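In case you want the letters, here they are:
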Amino acid sequence: MSQHLESSPPVYAERNYLNTPATGLKSWLTTLDHKRIGVMFLIATLFFFAVGGLFAMLIRIELLTPGPTIMDAMTYNRLFTLHGVVMIFLFMIPAIPSGFGNFLLPIMVGAKDVAFPRLNLLSFYIYLLGAVIALGGMIYGGADTGWTFYTPYSTTTTTKVVPILLGAFILGFSSILTGLNFIVTVHTLRAPGITWNKLPLFVWSIYGTSVIQILATPVLGMTLLLVAIEHAFGWGIFDPGRGGDPVLFQHFFWFYSHPAVYIMVLPAMAVISEVVCAFSHKNIFGYKAVAYSSLGIAFVGFFTWGHHLFTSGQSAFNAGIFGVLSMFVGIFTAIKIFNWVATMYRGSISFKTPFLYFIGFLFFLFFGGMTGIALATVSLDIHWQDTYFVVAHFHFIMVGSTIMAFLAALHYWWPKITGRMYNERWGLVGATLVVSGFVFTFLPQFLLGNEGMPRRYFNYPERFQALNVASTAGASVLGIGFLIILIYILVSLKYGPVAGPNPWGSRGYEWLTPSPPPLENFDVLPAFERGPHEYHELPGSESAAPGAGTSHA
Amino acid sequence: MHSAVAHHFESLEKQGQAQRLGMWLFLATEVLLFTALFAAYGVYRYLYTGAFSQASRGLETWMGGVNTFVLVTSSFTVAMGLDAIVKGKNKRTGLLFGLSILLGCTFMVLKGFEYRHHFLHAELPGPFYGGPIAGSGGSMFFALYFLITGLHAFHVLIGMTVLGVIGARTWLGKYDAEHHVPVELAGLYWHLVDLIWIFVFPLLYLI
Ligand code: HEM
Ligand SMILES: [Cu+2]
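Going down the list, the protein sequences come from chains A and B.
Counted from 1, the first sequence has number 267 at position 267 by our numbering; the numbering is strictly sequential.
Just remember that our numbering sits 1000 ahead of the position in the second sequence, which is counted from 1.
One chain only, chain B, in its complex shape (with noise of 0.2 angstroms):
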């Protein structure tokens, strides 16, 4: 038997198919998470339609731009890095998954351009608000705004440091073309938390 596998459970095979499950239903818990975020988005929006799109408006959606497609690239290198380990190309999963780290570094200085932008401008929840928008609309968006992208950038962060210690085991050999499961669930939390970007992406800077 295949040193990987523990001790209760029959075969490798049952154990990736059991570690596949637990991942799949820890991502469907991520996902509530948000949705309670974009839940209160949705009322808010609707309390305050004119201040949110004007709120919105003011956000700098070329960066917004610029992100998602340097996170939609990102997945795309990883994807790749799990295609190679499943043909046995170990340094290469490795490089790759570096890469995307790079990729995931990126977002994150583009983001902190954003916030500091925010913060110059005193676009900021609740009592610290000082933009131009008048009653509650602006300051709730601001609030709803940095949850949803701080959390949203706290997972960001979370993702590159799992594809930090599974691409840098890969690299030292300790998964193979039969071995991969670890790999493969590091990618799909990577898909997932560029996925969640998607759906926040057009709510805060494009509708």
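Bound conformation, chain A alone (with noise of 0.2 angstroms):
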């Protein structure tokens, strides 16, 4: 397989979706192509990524030294806001499914677009929309509440909440015409030859993070927009001081934001699915399970809110129920990691750089899924809720492992996506320091938090300090790996060596077409025989492989 692309020079696809129909800008923003519309999608959703890191940066500075340090304490409220703002509603949530999912969702399942190409342009429109409301507002004063929005401070603060949480209500409706479009997609227009068994697990897991989008983001949004109006008109639905219930509030704020999680998590999953397959040259291990444990996370992520609530005056009935719930979460995750293990076991590894993301993904997963099981132990977590034990726990589960996978999908579909490869050598070095750099960020958190550090303070006593230098040098490291990345991808838009439809060999369905893919994603649409992660010879079949039978028309 390898030797037969070795033999012929790799071919860049001169009629490609990057130059048909035009290459103007108004082509561009007036396009319907599902691949230009997640290539804007990830340049948006990575320019917010800067702006959030510049956010991270400023933070872990102010942390530096005890008392103020560069700024002061209502600056300092603000920016963890806004931090989290920006990269939740603004990166994590978008980047990988509406990024990389429109790019490839159609092509995997053998479409030559979304079922609904105008709906997904709009959804890429509201996005921005959302984002300049929100980032009008954190110009124009910024709020102090943290990105929950906790009622009764975020109702009564006199920063300028308002923009933000009509913001976040906005970039809501982009996730849910995105989730929609997926969901009708994977239903109407997989191509004959693709059955459900045969849907590639990138797309089961996009499938289950869409189905969250479509049933949780409405609560969220009719939550904030109640908090906004509250704000503004002091109706008092949960304001205490009118008979409301703020606790309702963070009944359903976490309705939304535990699944949430979910639906940055399990993108990150259906990367990692791909990943871990095409550079062990072997089949997944488990199809099914891990197909249908993505479904089971998106079930049971319905039902664990509560574990965010076991401070706030639940009751210890429903804290033990919500405790043992969110450790059913545990259950489904620890079967993927299983199975993705099992699929490195004896396969060929070619340990590329989106494979070095593949073992810190599986670091973080892990390590920050047992420190979540510990968290949802109710008796435990009294100690620990709202230290930076939290606040670790969520950046290596949550942040870790969305950045690892998508830094993973970011070199793997490179040469998909532009036609060009990436430089391996700078590959392993950014890698290597974007895992340790994220690391060093947030080990010392862990210590932090245990020993009693509470969060989002801009202040803290001497005893503390040595840790958080630790970790601020951490988060250099881990800024200086992002800038080595983002100059060599940009290097190799120009110089990159020609790719070629297939330079990994990989199975997977978007590596049958040229790279970059033409307008209607297939000059002639394949069989399909194979599944999409099948390795193993067909009897007498060399020419039968992936990217050997293609056509560079």
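Honestly, I wouldn't trust all of these hints.
Keeping only pairs whose Cα atoms sit at most 30 angstroms apart, straight-line, the calculated DSS-like set for lysine-lysine is [said to hold, decoys possible]:
1. B:Lys1087 - B:Lys1174
2. A:Lys198 - B:Lys1089
3. B:Lys1014 - B:Lys1089
4. B:Lys1111 - B:Lys1174
5. A:Lys288 - B:Lys1174
6. B:Lys1014 - B:Lys1174
Rough simulated footprint, nothing fancy, chain A against chain B, three-plus residues with beta-carbon under 8 angstroms [to be verified]:
7. 1008-1020
8. 1030-1041
9. 1134-1142
Anything over 12 angstroms on all C-beta distances counts as not near chain A; from chain B, calculated [stated by the list, open to error]:
10. Glu1060
11. Gly1065
12. Leu1147
To be clear, the hints were calculated from the coordinates, so they are not data collected in a lab.
Keep in mind the model is a prediction, meaning the values are calculated, not measured.
Think of the CB as a built atom: it goes at the ideal place given N, C-alpha and C, for glycine as much as any other residue.
Hints given; two lone chains; assemble the complex.
This is the structure:
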């Protein structure tokens, strides 16, 4: 298979989605092509990732010393709020589904486009609108409530929460429309030959994500709207001073936001399931277990929100139930981890950049998941609630695994999206810096939390300084890693070697088409005889190998 | 192939299937939007049982009842309109949708009179409440009342717009017996608006 590729020089598809039907800015802004919309989402989300990352660096610099370092308390409060809002609503939720999902999902099901291309473009503009309103609110004054907007503080603060709430409300519609589009696409546009059991695992996980997006987002939208109304007019829905119940807000908020953490981690799992097969050159171990556990997570994730309310006056009975239900999520996650590890076993592993990110992902998911189980133990959580332990937990599991998967996806599909290869050596350098930087940023935070350092304060006692310095140092390594990645990846756009249709020798359906793909994804629709992760040779079928049969017309 | 088939669908039938599924998913999100408010209503009704039933008895039940009748009738005319286009009678569908819009207007006017009444009696949310019920229950009831009925009225407006656009296009002959999924979807949306009211009415006026 790989010899075959080496013998024919890789070809850059001349007629592709990047230059058809036109190349001007206008043709991009009015495009209905899912690939272009996906690329625009990627660019936009990466931009906001940089903005959020800048806020994060400022936060870490402030925490370098006890007392004020570079800012006052109020600025600090605004910064961590903006950091959370930008990273969650503008980067992590849309990045993989709306970016890579848009680009890949239709190709992976053998469709020419998503079911509703206009809705797809609308989703992008709604995203931009929400982002502009939220950013406007931040520039105009920002909020100091944290990304969780807990009442009654959020309804009485004098900072400008309303535009940020409205921005997040609008962003929800983008999320809903994209999810809706994906579900309908998977149901109605699968090519002949792609049955449900031959869907790439990426598609399964994105499908699970879309279900959550559709079911949970409306509740969050309503909740944020209620907070905005309350802040503007004082109607008292969540204000104890007017007979409202602030804990009801927490229930509503986490009813969305716990499932929302799966909106972020399921797409990461989607990417990883593809990457582990491609770089182990082996079929996934337990296809159905991996596919159905995504749906299991999507389902159970709806019944665990109460674990955020262990210290909010929830009854001990409720707390116990929610604690146990939360641990169930760990079971489904563990199923996936076992299957990924078993997939590597006796595979023929190529240790390329995406694979390094996969290893990082496994580490963060495992470590983060175990600390989640610990947190779900009510008696322990009473002490850890609102400390840096929680911050480290969700950064490991949610941020760590999402970023690992995002970068794995970026490197793995870069040749498909751009038609060119990045520099592998720099890729490994970048990945090493990012993974180790991440560990050094957040490992100290577990220790800090365990010693009792609360989250969301710009000040701390002297004895916490050493670990805080360690964390800031880690964050700097992380930042440098990202800069290196940005540089070599931009360089590769122009100088990278031509990748050809299938540089990795992957069996995924998206590699059956030239790179970059043509306008309607396939010049000739393949028969999709193999499963998407089947690496053993079919008897006497060298010619049927993916990549080999693709026409470069 | 029919000219209404988009390039990425193999047939009109597949496209219709996709559009129907998309609409049902969208309706699910609409239901969930209201569910959040209904859940809040449930919680506060439990907290302020007495005040809520007192406030509820103060509503003009007959107006709500008439409005229920009006909306159900409008759903009926919409369904008849759908039946007409299936038989290829596009003018008839246009007329029936127009009639449904008139019924929608009737609903909005009656609702407007109710709101006027509440404003005159200071039956308003939060700090604006000046009604007879002591404690926080009364203002809380009206906060939820205005949120739920306001959001519903907003949906009635959207529904009327949708019926207007699709009805006019049907009248102009854009849809026919073979190609009428958009007409069907407009109808579905209107039925949802109606259905939500069927929940709102007993919740706010009757129990
Ligand atoms: C093994 C499954 C998991 C369990 C048992 C678990 C458990 C918990 C618990 C009990 C808390 C509350 C801690 C507290 O506030 O005191 C928590 C917080 C959190 N978890 Fe997890 N978790 C799991 C997986 C995840 C995943 C997969 C993500 C994201 C992808 C995630 C993201 C978060 C976030 C964002 C918070 C904190 C939110 C905040 O207060 O700002 N967790 N988790
Ligand atoms: Cu949670």
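Going down the list of hints, with the structure as the test:
For a cut-off of 30 angstroms, the pair hint linking Lys1087 of chain B to Lys1174 of chain B stands: about 14 angstroms separates their Cα positions. Note on Lys198 of chain A and Lys1089 of chain B: the hinted pairing is violated, with a Cα-Cα distance of about 44 angstroms set against a maximum of 30 angstroms. A threshold of 30 angstroms between alpha carbons decides the hint, and for Lys1014 of chain B with Lys1089 of chain B the separation of about 24 angstroms falls inside it, so the pair holds. Our distance criterion of 30 angstroms between C-alpha atoms is broken by Lys1111 of chain B and Lys1174 of chain B, whose separation comes to about 34 angstroms.
For a cut-off of 30 angstroms, the pair hint linking Lys288 of chain A to Lys1174 of chain B is broken: about 46 angstroms separates their Cα positions. Note on Lys1014 of chain B and Lys1174 of chain B: the hinted pairing holds, with a Cα-Cα distance of about 19 angstroms set against a maximum of 30 angstroms. Using a Cβ-Cβ cut-off of 8 angstroms, 5 residues of the region 1008-1020 of chain B lie near chain A, which meets the minimum of three, so the contact claim holds. Residue count for the region 1030-1041 of chain B with a Cβ under 8 angstroms from a Cβ of chain A: 8. That meets the three needed, and the coverage hint holds.
Figure legend: the region 1134-1142 of chain B, annotated as covered by chain A; annotation consistent (5 residues with Cβ-Cβ distances under 8 angstroms, at least 3 required). Taking the minimum C-beta to C-beta distance to chain A, about 22 angstroms, the non-interface status of Glu1060 of chain B holds against the 12 angstroms cut. Its beta-carbon lying about 27 angstroms from the closest one in chain A, Gly1065 of chain B satisfies the requirement of being farther than 12 angstroms from that chain. The claim that Leu1147 of chain B lies off the interface is violated: its Cβ sits roughly 7 angstroms from the closest Cβ of chain A, which falls inside the 12 angstroms cut-off.
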